[in-house]
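**Student:** With chain D fixed as given, assemble chains H, F and L onto it according to the hints.
Just so you know, the sequences run in chain order D, H, F and L. Quick note on the numbering used here: the first sequence kicks off at 360 and runs consecutively. Quick note on the numbering used here: the second sequence kicks off at 360 and runs consecutively. Quick note on the numbering used here: the third sequence kicks off at 360 and runs consecutively. Quick note on the numbering used here: the fourth sequence kicks off at 360 and runs consecutively.
To be clear, the hints were calculated from the coordinates, so they are not data collected in a lab.
If several chains are the same, the list does not tell them apart, and a pair holds so long as it fits within one copy or across any two.
Each computed BS3-like pair below joins lysine-lysine, with the alpha-carbon atoms no more than 30 Å apart:
1) Lys441 - Lys587
2) Lys505 - Lys587
3) Lys649 - Lys441
4) Lys683 - Lys633
5) Lys571 - Lys441
6) Lys609 - Lys658
7) Lys587 - Lys571
8) Lys388 - Lys508
9) Lys609 - Lys587
10) Lys609 - Lys546
11) Lys452 - Lys508
12) Lys522 - Lys649
13) Lys587 - Lys633
14) Lys505 - Lys609
15) Lys633 - Lys649
16) Lys546 - Lys683
17) Lys522 - Lys505
18) Lys683 - Lys505
19) Lys546 - Lys522
20) Lys658 - Lys441
21) Lys587 - Lys658
22) Lys609 - Lys633
23) Lys649 - Lys587
24) Lys609 - Lys508
25) Lys609 - Lys683
26) Lys546 - Lys587
27) Lys658 - Lys571
Protein chains: 4
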Amino acid sequence: MRRTRTFTAKSLTKDLFADSLIYHAINMKVGIVGASGYTGGELLRILAGHRECEVVCATSRRYEGRHVSSLNPNLEDIVDLKFENLSAEDVAKRSDFVFTATPHGTSMDIVPALLGRGTRVVDLSGDFRFFDIAVYERYYGEHTAKDVKAVYGLPELHRAEIKNAELVANPGCYPTSVILGLSSLIKEDIIELDRIVVDSKSGISGAGATPKPATHYTMAGDNVSPYKVISHQHMPEIEQELNLLRDGVKVSFVPHIVPVIRGLESTIHVFLNKEVSSEEIRDACADLYKDEPFVRVLKVGEIPRMSAVRGSNYCDIGGFEVDKERNRAVVVSVIDNLVKGASGQAVQNMNIMMGYRETEGLDKVGLHP
Amino acid sequence: MRRTRTFTAKSLTKDLFADSLIYHAINMKVGIVGASGYTGGELLRILAGHRECEVVCATSRRYEGRHVSSLNPNLEDIVDLKFENLSAEDVAKRSDFVFTATPHGTSMDIVPALLGRGTRVVDLSGDFRFFDIAVYERYYGEHTAKDVKAVYGLPELHRAEIKNAELVANPGCYPTSVILGLSSLIKEDIIELDRIVVDSKSGISGAGATPKPATHYTMAGDNVSPYKVISHQHMPEIEQELNLLRDGVKVSFVPHIVPVIRGLESTIHVFLNKEVSSEEIRDACADLYKDEPFVRVLKVGEIPRMSAVRGSNYCDIGGFEVDKERNRAVVVSVIDNLVKGASGQAVQNMNIMMGYRETEGLDKVGLHP
Amino acid sequence: MRRTRTFTAKSLTKDLFADSLIYHAINMKVGIVGASGYTGGELLRILAGHRECEVVCATSRRYEGRHVSSLNPNLEDIVDLKFENLSAEDVAKRSDFVFTATPHGTSMDIVPALLGRGTRVVDLSGDFRFFDIAVYERYYGEHTAKDVKAVYGLPELHRAEIKNAELVANPGCYPTSVILGLSSLIKEDIIELDRIVVDSKSGISGAGATPKPATHYTMAGDNVSPYKVISHQHMPEIEQELNLLRDGVKVSFVPHIVPVIRGLESTIHVFLNKEVSSEEIRDACADLYKDEPFVRVLKVGEIPRMSAVRGSNYCDIGGFEVDKERNRAVVVSVIDNLVKGASGQAVQNMNIMMGYRETEGLDKVGLHP
Amino acid sequence: MRRTRTFTAKSLTKDLFADSLIYHAINMKVGIVGASGYTGGELLRILAGHRECEVVCATSRRYEGRHVSSLNPNLEDIVDLKFENLSAEDVAKRSDFVFTATPHGTSMDIVPALLGRGTRVVDLSGDFRFFDIAVYERYYGEHTAKDVKAVYGLPELHRAEIKNAELVANPGCYPTSVILGLSSLIKEDIIELDRIVVDSKSGISGAGATPKPATHYTMAGDNVSPYKVISHQHMPEIEQELNLLRDGVKVSFVPHIVPVIRGLESTIHVFLNKEVSSEEIRDACADLYKDEPFVRVLKVGEIPRMSAVRGSNYCDIGGFEVDKERNRAVVVSVIDNLVKGASGQAVQNMNIMMGYRETEGLDKVGLHP
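Just chain D, with the same shape it has in the complex (with noise of 0.2 Å):
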């Protein structure tokens, strides 16, 4: 990836200390498998400033020979690098790591080639997610690479193992929203784990870049719409991960499309079986959180809002109100769902793997109005 321009981060911070002839040498390579959607732009855009590692090669079958701000015209004069159509084995011959963009079903084709190549992998699809090949082929089909193992990329639950992981499977959108949320109330062992209601709202970025009549923006636009109301396959992603922290959840998850780009909101419903006090169940998320980089516990009654995280890889979380005749509690969850949603993660993911400070690229502060 060379730089037309001089002046993303990773640049100024060698130019600003250029005159003490101290430089940072840039020597991670970086492949992305699938680049032509929208976590693959995503990635390309964050990386862009990320300082320790250089993006060498973007793939895409479709738009091979393409500029890729072709389709990111945001990368217009800073990423300057062409969309090439390659096998797994020429990604991990000129990457030391890559990312998997690819649809459900086709990463399971790529990533045993990378790894046997030696090269660390974070997955974006769903095909790794689940330790039950089963309940993965219920919800997306036939899994032909059944023995590969990942360790599921959710830092705020499992950063020690992705530390020493050769292959992360990165979280769905949802989930990631939907798990940060939860995991203080179950752990707290405080509300019914089988009457746990999840309403969920994606903006449309979250449907991917290929047009369809639900993306259409006359069918889009002024209008909400739930889908998969009781077989959205994050239901059980979300329940594989929730029932680590305690046996017995089952999550009644509903996601729906809104009139929104980006940006991912989860409000989540639960009866308490103790009584508990709104400040209570607050503060035991602020705690569980506390030393989280990208996880932001609002004060109760807050709401988090969209914008406040928008294009960053903050999760921030809210609400926590107490209804006490009904024996409830409303919390929620905020995310943008292509950074802490997906590519954010991501970097967040390969950060930790590598070595690097874990906000290394990822220092973007949302944009807000």
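**Tutor:** What follows is chains H, F and L alone, placed relative to chain D:
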């Protein structure tokens, strides 16, 4: 309301039959108190096409003397009327029937004076919706007209009483969508009554015509915002009505503001207390509303769209999917918050009270896309 | 088009007068060719409330056998009709009048067969809008029905010819707003005819029902995008019509896509060739359209809003401000691109051709807000 | 501005080099007067990543005592600062450099006091943008600090003077996009100077943080609204600067509000006075800005997108199409109105004034999609 053009439905009727010298007399005079808000404007829009009545006065202290089209540019050349600053007495003198589209807390000052002069009234505020004044006072503040009795104006539940009512309390927007979506589930006795979760999303017109930080385009755009997550005043209203169907209903209700101008969607999450199929719950709902002119029950798995009801008086109900593993079902209910959620339903109530055809003035097809 | 509910305007008329045993016969049979697009859906919506005709067939190869409400959920329970795959001959046999809502290049294959069987036609494509086939071929491609003659269907300019036409070419959306906004300025001979700049902004429904990258929510949302900045096919259409009023008109036309579902705004910038006041140009416009049922001329300085015309057949014209220092004036014209810009105008043309009241079926008030 | 988390660009720099014991001193203290608006919030966001300065005070009378993150939830945990109610004197005492983000008419009361104490200032209001006070007074009202001289802060035109200025008047958002888009056309002497038409569309954040009817979601959504069509105060500002390039420029300028949060697009319509090709006008523009860090000139026919610059300091210029038949050309210029159109450009000016690298703190990549 003098019409300066001659092509409203009413005029059409007259002209069409002009040869045969049969005229249809327009003889009911209607007043609108508090006509400068969105529900007032919507009443004017709907009544412009109503063949049985004529709007003779529209009150607003703030906009006194200004033409109604100054706030409602859609009425230009169609409704020739100015806002007036009139007492309840003056309105009653000039009107056979009155809509009070005044804010909560104001209607209770005006309605008794109207009723006292023999005018029948549909009130669009929350002031007369509660049997139990204590509930009202907990959510809204002091009530100063406790002796005034009203019928709750949801025709699908209370048509017979509405017919003879002097005062009809027009339901809230959220309750309309929620009660219609839940009634058959409760009547059939198939759900856990105290574990009902309703997650509703309202278009921003529901917040009224007065600009506020929360409705500023920069704040409401590209965002989804839950609010009053345990304390919205529509929660007890929903519970009051559903408890008429079966005792013990508790509704965990969370409203949201979404970037939509008109439209209200309620995702209704219920836990089942017996084994039922998707088709069974769908058919029970379809059966309940089979004679209703303004409820359309979709097929299992079909999700209603806001554009299907936009500008119309329909409530579309769909989803009806049963998740056997989690003993739950999801039902989705959609209305236009300003029509079936406010002014359209108010006109439907007037039609019932006056013995007009129930659909008069409400024969609008939704504006899709 | 059997109606499963009985409350459309047409039915209302019948029912209301049922006692008096006077029935209004619905006797004209209408066919819609290419009914699966947005203009086809909009014809169905509008004709559902038209008392003189009945839609008897709606063709679509792609959606053959599917109910029209599968694409138009607003028509659920209102229009009971399935898409059929019919030849032009079959449509002609079943219909007294046909709308061809087919794409450019397709209408020219169908219309001659319809006319040959004595059916009168309004064509909504660009195929028959040009006197000069060379202009058509430059902007659209080869024309294969060069001998078929049509009347340009802008009633405000050509009402008399429309009345007797066998084939009316329904105007484009941009030309409708621009020609109506500019006509009085040209007639009055007060502007530089070759320095007219028109900057138009269209809602995304104007791009049709087929999802494309440019209409993907993520691309069309939060963006304003000029396109075909020197070569849009509506530029010669505008010039053709305005040159009928006065020779030498050249229009510098740039269309834009804006994040709006329905609505089209044209900002018309003209340079004045004599001293006139804002009031004079406003009054000339008001005078020109004083008898027009669907043109509303606002006061000097008033800017029309899209919501004032949304869903209605109006064209609202405003602005009319003169900048004496720069010898220029600005006029603003707004329509609903699917109604006055397409299907509403098509029905207006049918009404004129058939001798119906011109506003029949078009008595819709705009949906504000 | 104490940082409670340690991952802003500034901190990163320090940490990264911690081993080598080389620290980069942060030594310039910055004050922001009128910090509660959108440009104030945007200054805080941008300066959070600036390694040469520290924001030491942010004033607001209205929000005195409240944390800046109460208005800017994106700054939660990132900027630890409260709004203070300070006199100009107190701000000057505590700051080496001040941004005045106060409304027009207020800056003129504050800036002289700041300059009098030796503080250098970038003023974001319109108060000091005009050489000719009479022009200011015609468009804004009385001026009370007529003797204060400022440099017009468009770096691409006035970099040398900005370097030595005590006071820089930061340009308006519309003028930034328009002047950058038009300069090369005027310098090349190829257009009719008195027939320039500029049709600009601004995101709603340009109207400020205070809710108004025009920015209410229900009014601004699904609408395009021209305003001040012959009298916007940015018209004389554009003319002032372009007349420096060549005498006799008159700009027919019409601004619009569009349903976009951030982003400003100007469609520039010019009439040519000699024969030139699209490539020639494109190349002249590219040549003019070839060393500019924040202007990207696209290829002929490429249209800039708002998402390409969203959150970044870029101005993207494209289009450049020549219509030989009408002797005209169209150029399109796009910025983020809050960044290059306000706070980003203000920081760019500070960087130039202080001798910092011009791109410091501004190395943000646009947020696409």
